[in-house]
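**Q** Here is how the chains run, residue by residue.
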Amino acid sequence: MSNLRHTCWLCLLWSHYQHCPIEIEWHGIWFVTGTFDYDLVVIGGGSGGLACSKEAAQLGQKVAVLDYVEPSVKGTKWGIGGTCVNVGCIPKKLMHQAALLGTALKDAQKYGWQIPGPISHDWSTMAEAVQNHVRSLNWGHRVQLQDNLFFFYELLFHTILKEYNFNTAILHFVFPIEVIMSLPLVWQIMLTAKNIVIATGGRPKYPTHIPGAVEHGITSDDIFWLKESPGKTLVVGASYVALECAGFLTGIGLETTVMVRSIPLRGFDQQMAGLVTDYMEAYGTKFSWRSVPKSVDKLSSGVLQVTWTDEQTGKDQRDTFDSVLWAVGRAPETKTLGLEKVGVKLNKESGKILVAADESTSVPNIYAFGDIGEGRPELTPTAIKAGKLLARRLAGQTNELMNYDNVATTVFTPLEYGCVGLSEEEAESRHGKDSIEVYHAFYKPLEFTVAERDASQCYIKVVCKRGGDQRILGLHFTGPNAGEVTQGFAMGFQCGATLTHLKETVGIHPTCAEELTKVNVSKRSGLDATVTGC
Amino acid sequence: MSHYEEVKVHGYDEFCKAVSERKGNDIFAYFSGDIDTQGLSWCPDCVKAEPIVRGEMSHLPEGSVFFYCQVGERPYWKDPNNEFKKTLKLSGVPTLIRYGTPQKLVEEECFKADLVRMMFTED
Numbered sequence: 001m002s003n004l005r006h007t008c009w010l011c012l013l014w015s016h017y018q019h020c021p022i023e024i025e026w027h028g029i030w031f032v033t034g035t036f037d038y039d040l041v042v043i044g045g046g047s048g049g050l051a052c053s054k055e056a057a058q059l060g061q062k063v064a065v066l067d068y069v070e071p072s073v074k075g076t077k078w079g080i081g082g083t084c085v086n087v088g089c090i091p092k093k094l095m096h097q098a099a100l101l102g103t104a105l106k107d108a109q110k111y112g113w114q115i116p117g118p119i120s121h122d123w124s125t126m127a128e129a130v131q132n133h134v135r136s137l138n139w140g141h142r143v144q145l146q147d148n149l150f151f152f153y154e155l156l157f158h159t160i161l162k163e164y165n166f167n168t169a170i171l172h173f174v175f176p177i178e179v180i181m182s183l184p185l186v187w188q189i190m191l192t193a194k195n196i197v198i199a200t201g202g203r204p205k206y207p208t209h210i211p212g213a214v215e216h217g218i219t220s221d222d223i224f225w226l227k228e229s230p231g232k233t234l235v236v237g238a239s240y241v242a243l244e245c246a247g248f249l250t251g252i253g254l255e256t257t258v259m260v261r262s263i264p265l266r267g268f269d270q271q272m273a274g275l276v277t278d279y280m281e282a283y284g285t286k287f288s289w290r291s292v293p294k295s296v297d298k299l300s301s302g303v304l305q306v307t308w309t310d311e312q313t314g315k316d317q318r319d320t321f322d323s324v325l326w327a328v329g330r331a332p333e334t335k336t337l338g339l340e341k342v343g344v345k346l347n348k349e350s351g352k353i354l355v356a357a358d359e360s361t362s363v364p365n366i367y368a369f370g371d372i373g374e375g376r377p378e379l380t381p382t383a384i385k386a387g388k389l390l391a392r393r394l395a396g397q398t399n400e401l402m403n404y405d406n407v408a409t410t411v412f413t414p415l416e417y418g419c420v421g422l423s424e425e426e427a428e429s430r431h432g433k434d435s436i437e438v439y440h441a442f443y444k445p446l447e448f449t450v451a452e453r454d455a456s457q458c459y460i461k462v463v464c465k466r467g468g469d470q471r472i473l474g475l476h477f478t479g480p481n482a483g484e485v486t487q488g489f490a491m492g493f494q495c496g497a498t499l500t501h502l503k504e505t506v507g508i509h510p511t512c513a514e515e516l517t518k519v520n521v522s523k524r525s526g527l528d529a530t531v532t533g534c
Numbered sequence: 001m002s003h004y005e006e007v008k009v010h011g012y013d014e015f016c017k018a019v020s021e022r023k024g025n026d027i028f029a030y031f032s033g034d035i036d037t038q039g040l041s042w043c044p045d046c047v048k049a050e051p052i053v054r055g056e057m058s059h060l061p062e063g064s065v066f067f068y069c070q071v072g073e074r075p076y077w078k079d080p081n082n083e084f085k086k087t088l089k090l091s092g093v094p095t096l097i098r099y100g101t102p103q104k105l106v107e108e109e110c111f112k113a114d115l116v117r118m119m120f121t122e123d
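If you're matching them up, the sequences are chains A and B in order. Take 1 as the starting number for the first sequence in this note's numbering and just add one per residue. Take 1 as the starting number for the second sequence in this note's numbering and just add one per residue.
Everything labelled a hint here was simulated from the structure, so no lab data went into it. Careful: at least some of the hints might be erroneous.
Unchecked claim - Here are the simulated SDA-like cross-link-like pairs (lysine to any residue), alpha carbons at most 20 Å apart as the crow flies:
| hint | chain 1 | residue 1 | chain 2 | residue 2 |
| --- | --- | --- | --- | --- |
| 1 | B | 104 | A | 128 |
| 2 | B | 112 | A | 144 |
| 3 | B | 104 | A | 140 |
| 4 | A | 106 | A | 453 |
If you're wondering where the values come from, they're calculated on a predicted model, not measured in any experiment.
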């Protein structure tokens, strides 16, 4: 039998040279070195997958983690860490910060800073710095995995769940690999495990029905890895991904248009969503409302020409852009897993895996969580927490289930929006308009005064139960550092905070957050909700 | 004849000069406390890590350069303002880095042959 130390570089199972006790099939020749049972195999090395597997390893379980990134249509790919680290939260927040700093530089002059000459932004400098940070996170994860005696498999192509057998699920990984001679080789590696966890997340959707969309457009998978500025950009979509991207692109000085079919930030409180987009419009982002893209063509000059239908007039419009960014939704990564063969049930519409409260799927010993789970929030912190609890339950350490309620979030648009609990619409729908009381206030951050910045959209809304203890049902805040402001209040919310609790809390002065403790004008009263000076 | 080049340097200036002469190469650098006449460093972790790092050097990529850099004597190293700490942002010795990338292994991480090999073979 061949020495696996030599053949292993071919199958790219780096980190596994010393003991490759797995069955390898190569062109029908079996190199059998022995069987290996894992306690846990986690498919997906993102926020959820890594948290789950690291927790399991710390509890003494034998864990294998598999991660694979199908390159985007444009060819972008990245290292371990999943969406959040590589093409989501992390690069997004850093680029958002770059944009905020641009605004801060403008404000700085009013505060006395002598800034000679006009300020300009260099995309390449920002992109390189952001990409380097992401790479350091990739490396950090790799070192951690290696450290914990993981077996980390970097799959080049597809993972196919082939058979299910009693207490052991057998995963068949098939990967065509191009080796030196450019001959495709097919490797099959079989891992056996007591439990399997699927945490493969999702990827951005392309509107494939629009001619030119796939060939000429990019998605959030690509924007953070561009080496050169995207230039004049059309962002299609009204999700937080679309608005956040359009927000920082505008902030760094690029001419940006957002194309919205119907409403912004579907699922979020619509009054707050309106404030977010009003601010963006006031700060230079163009919005093309009620517009549906029809086609994308590349002109001889290299620019992209987009034709769209203005749904209000019914007429077609046309304009040119350097880049078109599709932010029209995300699709779950289940297609290449061959789940039907094993019997894991999916939601027909969304394609996501149907999961129970304990993250179990329709097949015993196979679990799924994170973005891939039907009905789950598409957020990193919930995936991380759910993953850790799942690992603990599988190791027999706890029975605690993940609590998906009361999860606070923040949209990092130029004017940030943080919230926890129900939107006003949702509260009305659940409790009835007469059974809720909405307290609100328009406030002005102190820092905006000297900077002569418009604060028209800085707003707070506390939705409470009417009468009784006036329990807080939802809390909404637009303003600077919304994430930092909301986090603390989220704990109060988790503890069942009431309006009385809020009013009994003494504010920290001078801050924006203190305005939450001072709300006293209800919408029902019709009184002016603008906060006056202190 | 090995497939990589080993360059021994001593001190920050010598290190920087030697690196600038080899731009365009895949550069790895191992920073260690100074070696005495017996071949032992004042840094016990460096003494422990060196054979482990050397044991993995056969995995270095073709055409790469491996710098063995002695940083200086113990008092120099302990000074928080020394150039290695200030400019190269080293936090401890031994440190193994892949120059120009975020890949680095610090102190006890250098004791793990797996991690060293991972850095040498990473794409």
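**Q** A separate judgement is required for each hint: does it hold in the structure or not?
**A** Hints versus structure:
no. : hint           : result
1   : B/104 to A/128 : holds, 18 Å
2   : B/112 to A/144 : holds, 12 Å
3   : B/104 to A/140 : holds, 9 Å
4   : A/106 to A/453 : holds, 10 Å
The structure is consistent with each of the numbered hints, conforming to all of them.
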